[in-house]
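There are 2 protein chains.
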Amino acid sequence: MDRNRTLVRTFRHTTMAKALNTAEEYAKGIREGNRVLLGQAITLVESARPEHQQLANQLIGLLLSEGAVPSQTLRIGITGAPGVGKSTFIEALGNYLTSLGKRVAVLAIDPSSQISKGSILGDKTRMEQLAASDLAFIRPSPAGNSLGGVARKTRETILLVEAAGYEIVLIETVGVGQSETAVHSMTDLFLLLLLPGAGDELQGIKRGIVEMADILCVNKAEGDRVQLAKQASVYYSNATHLLPPAQSGWAPQVLRCSAQEGTGIKELWETMEKFRAHVQDNNFFAENRRQQAAWWFQESIRDSLLSAFFQHPEVRQQLQYLEPLVLQGKISPFAAAEQVLGAFPVRLNKED
Amino acid sequence: MDRNRTLVRTFRHTTMAKALNTAEEYAKGIREGNRVLLGQAITLVESARPEHQQLANQLIGLLLSEGAVPSQTLRIGITGAPGVGKSTFIEALGNYLTSLGKRVAVLAIDPSSQISKGSILGDKTRMEQLAASDLAFIRPSPAGNSLGGVARKTRETILLVEAAGYEIVLIETVGVGQSETAVHSMTDLFLLLLLPGAGDELQGIKRGIVEMADILCVNKAEGDRVQLAKQASVYYSNATHLLPPAQSGWAPQVLRCSAQEGTGIKELWETMEKFRAHVQDNNFFAENRRQQAAWWFQESIRDSLLSAFFQHPEVRQQLQYLEPLVLQGKISPFAAAEQVLGAFPVRLNKED
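Here the protein sequences line up with chains A and B, keeping their order.
For the first sequence, our numbering begins at 1 and goes up steadily by one.
For the second sequence, our numbering begins at 1 and goes up steadily by one.
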């Protein structure tokens with residue numbers, strides 16, 4: 001509890017740090033497992049200030065070039081509709097993993113923090129036991145103006161916590177937006193939490209998310225819901241058989257657990273280990289990480305380029321004029337696009 | 001048969017047309033249902049020559065501003081794994097629709113035509129009966145260097161055939177690439193054809209396509225496959241219940257037919273009519289078309305901008321140098337992206 005408070009205080013204070021260390025000092029401290037320097041470095045990654053950004057880039061470049069970021073970590077994305085019990089689940093899984101002596105980092109991507117500037121894992125205080133462990137490091141979702149920005153920060157934070165020796169990284173997100181795609185593209189394993197019952201909570205989940213899941217787990221399999229949970233897992237088992245096969249060659253598994261009672265967590269972790277063995281054997285693990293790096297590279301270029309374009313005053317003016325005409329079907333989207341592109345001060349070569 | 005040959009000959013000849021008509025002449029001819037002028041206009045849309053493009057843009061602009069493109073047409077996307085019998089199915093559905101007195105256009109998007117310069121519906125000669133009907137207009141997939149280019153041409157062709165009075169547009173594609181997303185984003189109704197059996201053909205279908213389908217139809221429900229087809233439709237019915245609800249509020253329907261024997265086609269069309277009534281009642285039909293126009297507008301801007309960027313010599317040089325480092329994890333994708341962006345001759349404002 002005291003440690004937990006200290007942790008929270010550290011987060012606050014790092015944002016106010018006056019004298020910054022050098023990239024070399026941060027790198028050394030992180031590799032030695034210094035939590036304060038780790039927290040400060042994450043704050044640099046999350047900061048919008050150019051000098052912080054520059055230092056963060058330097059630090060990450062240093063860690064990567066030194067090979068300080070180990071490749072044998074496991075990055076687990078966790079999602080599920082609101083009410084499925086994600087926080088309790090993450091604490092239960094995290095506690096189990098630390099009980100095995102593993103070092104666990106918990107991160108989050110919460111697109112709603114764009115608006116509210118709040119964040120999931122703001123209820124971190126509820127993860128009291130996990131937060132109190134020397135083996136665990138919990139960091140709330142960064143805030144940001146765009147999902148792309150928020151996701152980028154989290155992806156770089158993964159590198160930092162891995163360099164600090166956290167071998168399992170749990171990344172939480174909510175099942176309602178595009179954040180799943182972002183989390184999916186930075187994790188090795190994607191876990192979808194479900195409720196006992198007939199899949200009603202899928203109402204709140206975006207299409208395509210079920211197909212991303214490597215493991216589905218029906219939580220709250222406890223008390224008088226045990227039977228409902230069994231029905232749900234049969235139901236989802238049948239459903240996942242219908243999905244086209246994943247690139248990983250892994251057939252999605254459906255499990256049951258009760259995060260509250262701590263049951264099923266061991267079996268879940270064993271299945272995760274099986275998944276890891278499977279994708280390491282067939283080399284998908286490494287290939288997937290390469291693909292993800294390539295994707296973020298491209299995505300990051302696209303993001304910056306498009307955002308620069310759409311912020312250009314002439315472009316904005318053209319958009320404002322043309323978009324209603326496109327929506328009303330008064331002009332072809334392609335003809336309108338050409339007109340907008342003409343407003344950008346770069347000669348663009350025509351395709352085809 | 002003779003008519004069919006004439007049609008094929010027309011396609012060939014239009015590409016060699018010497019004297020072009022004016023946009024006004026094309027518009028008038030198309031509105032009057034002149035098939036030769038319609039074919040020539042589509043050739044203009046498909047042409048890479050700037051003067052053809054310009055004339056095509058003018059023509060489409062004219063048709064849109066005159067309100068010549070009716071909004072009450074129905075655009076149906078049709079996909080399915082190779083071997084599912086798409087051509088036979090389209091002929092059966094087309095024949096049924098023309099027997100009701102409806103005017104039907106058949107278009108296609110075939111990404112493989114990028115490589116082979118061939119096209120699906122190249123087997124159009126197999127649709128002999130439909131091709132011979134005055135009420136039907138069949139056009140093979142355009143060729144092109146990119147899916148985006150091919151899709152754009154087809155989307156503009158839809159406007160032309162609708163202006164020519166074809167009230168139902170069937171757009172065929174193969175279930176193996178990204179072309180489904182393109183077809184999905186230009187149609188009102190998406191139909192997935194399936195084979196009797198336990199879904200093995202889904203092996204050949206890209207993830208996410210099942211979720212796009214408004215109607216699933218098990219084809220080849222004939223002879224000793226009737227029972228297997230029944231099993232398959234139960235199987236898919238269960239599966240689609242598990243999908244998160246579509247934006248349209250329509251629950252996907254699973255039907256059976258035999259295109260060869262012509263059974264189930266009437267029921268399928270009735271279900272399509274039900275779908276249309278549903279989405280017209282809840283206003284999704286119009287809203288979806290607006291969203292699609294907005295999507296193509298954005299997508300077209302993105303496409304051109306990104307393709308201009310990635311063709312820039314300095315950018316290509318940087319990419320060639322940095323991409324291997326990104327894949328090897330030696331540099332952060334974000335830092336690499338910044339370096340590439342620096343090579344582009346436009347000052348880009350930083351995001352966040």
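Please note: incorrect hints may appear among the correct ones.
Unchecked claim - Facing chain A, a subset of chain B residues (Cβ under 8 angstroms, in silico):
no.	residue
1	234
2	237
3	249
4	251
5	296
6	297
7	300
8	316
9	341
10	342
11	343
Said to hold, decoys possible - Far from chain B by the CB rule (all over 12 angstroms, computed), these chain A residues:
no.	residue
12	29
13	278
14	304
15	330
Hints in this document: simulated from the structure, not taken from any laboratory.
By construction, the Cβ of each residue, glycine as well, lies at the ideal position given by its N, Cα and C atoms.
Hints the structure fails to honour | 1, 2, 3, 4, 8, 10, 11, 14 and 15
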